Amino acid sequence: MTDFSFALLSPLAPEIFLAVAGLFLLVVGVFRGDKDTSLVGWMTVLAFAITGYLLLNGSWEETTALNGMFIMDQFAGIVKLVILTGLIISVALGIDHIKQENTARFEYPILTLFAGLGMLLMVSANDLLSLYMGLELQSLALYVLASINRDNVKSSEAGLKYFVLGAISSGMLLFGASLVYGYTGSTNFATIGEALAQQGSMGAIIGLVFMLSGLAFKVSAVPFHMWTPDVYEGAPTSVTAFFAMVPKIAAIALLIRLLFEAFPSIAGQWTQIIWILSALSMAVGAFAALQQANIKRLLAYSSIGNMGFALVGLAAGSVEGIACVIVYMVIYMIMTAGTFGIVLSMRRNGHAVENISDLSGLSRNNPVMAYALAILMFSMSGIPPLAGFFGKFLVFKAAVGAGLYGLSVFGVLCSVVAAYYYIRIIKIMFFDEPVAKFDAGVPFARNLIVGLSVAFMLLFIFNPSPLLDISRDAVSVFFHNE
Amino acid sequence: MTPEFMDTYFWPLLFILGHIGAIIGCILLVMAYYTYAERKVLGAMQRRQGPMTVGPFGLLQPIADGIKLLSKETIIPSQASKVVFLIAPMLTFALALVAWAVIPIDAGLALADINVGILYLFAISSMGVYGIIMAGWASNSKYAFLGSMRSASQMVSYEVSMGLVIVTVLLCVGSLNLSDIITAYRPWWMQVLLLPMLFVFLISILAECNRAPFDLPEGESEITGGFMVEYSAMTFALFFLGEYTNMILMSAMTTVLFLGGWLPPFNIEALDFVPGFMWFVLKTFGVMFFFLWARATFPRYRYDQLMRLGWKIFLPFTLIWVLVVSGTLIYMDALPGQLE
Amino acid sequence: MLQPLAFYLFSLVTLLSATFVITAKNPVHSVLFLILAFFNAAGLFVLLGAEFVAMILVIVYVGAVAVLFLFVVMMLDTGFAELRKGALQYVPIGLVIGGVLLAELIFIYSAWEFAPSITNNIASPVTAESNTVSLGLLLYTDYVYAFQIAGLILLVAMIGAIVLTHRQRSGVRRQKIKEQNTRKRDDAMEVVKVTTGKGV
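These protein sequence lines map, in sequence, to chains A, B and C. Under the numbering used here, residues 1 to 482 are what the first sequence spells out, in order. Under the numbering used here, residues 1 to 340 are what the second sequence spells out, in order. Under the numbering used here, residues 1 to 200 are what the third sequence spells out, in order.
With the rest of the complex left out, here is chain A (with noise of 0.2 angstroms):
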């Protein structure tokens, strides 16, 4: 045994602090109940923001803690200031949303703060037992966001759907995780790499397929794909908003660390799957879309198409192709926050309204919601010179980079189908005949929100270095052999 000292624990700071503040707001939710929600809300917030604080001030060396289950290093932090970035954005949306739809409960920041604490543990995991797990925090705090509307039929079926799908999919991984334990004698990603660099074997690669199934399943990729608009659909609005946001962030991340550290010698083989998921997943985000009605199921297919751009990054195995996955992600979460942001503001004599046609001549009733909405949905569609584009383009280079010429060209015209729908949703706003108007009354904190968001997505083309080159510092840490 070692000798036990504090110092050992410094890289786990602030998830200490989270786990330690998620009990703490219990405690206050408890004995204020309810009513108290937006405190508790405001709390967590607070408490995501010190995490960052600690995060910041903390040691970004490559460092490993507790028996090698936990790393931290330069990506890890990248990765876990983006999720807390977001996950402040999303308990900021679903704060006022739920007050809104009288389901506040105090436990819903609660949840979203273990299940942050969930993903900042899975983008540190190094060891397939601490993978399984931040992955099993994260999600069974998602199944009950899922389901928290539990009055309403559709949010319980979401919830209900979600968490079977989402069982099968922990079995898949779990099973997968056995054989790769199995072939390579370990469950420490960096020893699976070592065994498996000197001699590659069946089993752990059919292993690998297995945990790839589980992890696509978390990232919503064709064709682990089902679940998405269902839940997308029958969550409330911002826990939908935060799904599409947060969580696929750090199932990337855990992704990007698994496939690189502990299975770099057979990337030949799980290049292959990652671009058939990724060109799947691209095609049915943008031909299924074409057909929705409403507007968090066309986002659903829209996420689900996105991924599958991410994914093209993944599969150059690249410096530069894991790099614009990062800078995809982010873009792409800003871009989603300020989409839910307006989608949560579409609301009729105090009930939510999700059909696209209920934006019908948006612009002539309120012309700024009209013009934020329709600058996020060029940026969505890849439209220069938008953020959404640098995002599709720099993926798409990398692609090219790595010889991947039949993704790219497939990729492109993805997203050119993807397009039209999105282009839609503007010509509905700016061209048909207006409906009722929306509620008046959107809270700050929301127009903050999509303020901020469209003002990303417009001013991203004058400086994007900065971005590049953090995302490239950081997934450096992968490729330190070459």
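Hints listed in this document are in silico derivations from the structure and should not be mistaken for laboratory results. You can take every hint at face value.
List of simulated lysine-lysine pairs, DSS-like, C-alpha gap at most 27 angstroms: (1) 85(C) to 25(C); (2) 142(B) to 82(B); (3) 437(A) to 154(A); (4) 99(A) to 437(A); (5) 437(A) to 427(A); (6) 99(A) to 161(A); (7) 312(B) to 178(C); (8) 40(B) to 68(B); (9) 25(C) to 142(B); (10) 142(B) to 72(B); (11) 161(A) to 25(C); (12) 68(B) to 82(B); (13) 72(B) to 82(B); (14) 154(A) to 99(A); (15) 154(A) to 85(C); (16) 82(B) to 25(C); (17) 312(B) to 35(A); (18) 176(C) to 35(A); (19) 161(A) to 85(C); (20) 72(B) to 40(B); (21) 176(C) to 312(B); (22) 35(A) to 99(A); (23) 154(A) to 35(A).
Computed from the model, here is a short list of chain B residues facing chain C with C-beta under 7 angstroms: (24) 120; (25) 127; (26) 129; (27) 156; (28) 176.
All of these numbers come straight from a predicted model, not from anything done at the bench. Every residue gets a Cβ at the ideal spot worked out from N, C-alpha and C, and that includes glycine.
With chain A fixed as given, assemble chains B and C onto it according to the hints.
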């Protein structure tokens, strides 16, 4: 049959079977006279005489009862799920008996002195609930079903606090082996610390055995005998045997965990001349008397009161006590020193 | 001889009851067979010398999880035959998936090969005096991280169960034990001097 075979398998097997037979014989005898004692004690506490007719002082009463139950007809309800209906009482009785395998009656005098004895006991007692659930379900009767539902939730609830009580004891002794638990050195402050746990444990075993004042699963005034309502003759007798054997088992468990097993009270050396198993038996009888005493004294709890006691009082209290005990052990530097 | 005999007994019963879990018509019987399977699996653990795991398997799975399982299945009185009706149409796709998995498993086992360094990675068998002690030592040192997160996961599960099911009903009459105990005689009755012939 080679002599080698006889030596390695036959004789040890015969010895084990003999040992088992002896234990079961003793248990059944004690159990039979426990029912007699119950009626006598209740009688005395209610200023009556209890059974007096069969044999001198009614001493042959339990035997007469046994013969009666054996000779009656076993009725199986036509709508019952027959196999499950018949397995349920057997399971209850069998589980009550197999747990005795690990109870050390004297130093080294246990059928199997296994490493995880206390976990084995706990596992077997947590399985006891199946006999009751199966009986209630297989009877295809509302009363039986209600009774088994009550019983199942009651036993599961009280197992939680029982488990935590056991944890506090384990923290103090540092072993899962029953003999080690008995012989572990316990300074006076440790015994004071464990005293509240003894009370919690005593109350929990009342609930675990479905005994008064927690005999709601039987609650004859509301559900006419609960899960046993459809049982008659031998099948009923097996439930009855199981219940009483379980009470004896729980008493023995209390003796092992808290009362020092076969050791003389307070380790007074002058009392060493009494053989160890006598102390064990005496202490167990003491706890068994507590069962009867409680039955004669307390009115039956209401169901919500029972659940409230289990979840809102015992669970937090035992949880806190686990912290208190471990904290004290660290403070006194008295953690069981097995792990150096 | 006794050990192999016990092994074959336990494995046979485990396999048979596992089969019956699927084939039993009555769901309650399925759960009972499942419990039997758990119990025999515990027996197999004992044979492996992992007595702690065996006991925990019985306490946790048999004693707690399966009881709740049985509870729920017994309470559900819907026609299970109805639910099974449509199941037949999924047999082909089930067979395909099962076949693929089987093929993969065969594939894996036929390609069983160890890299030279892997033997170093494989954990050495436990040598401490009892496996309870060695499990505890591992769980609270090397694997304390996973252990703590498991605790958080259970906490989230608990919060989730409460969020989704607990309802504050209004108008429920509850027993207020404190009020009952602090009730004084004066709160409940009034002593009145009654003069004869006048009444109260």
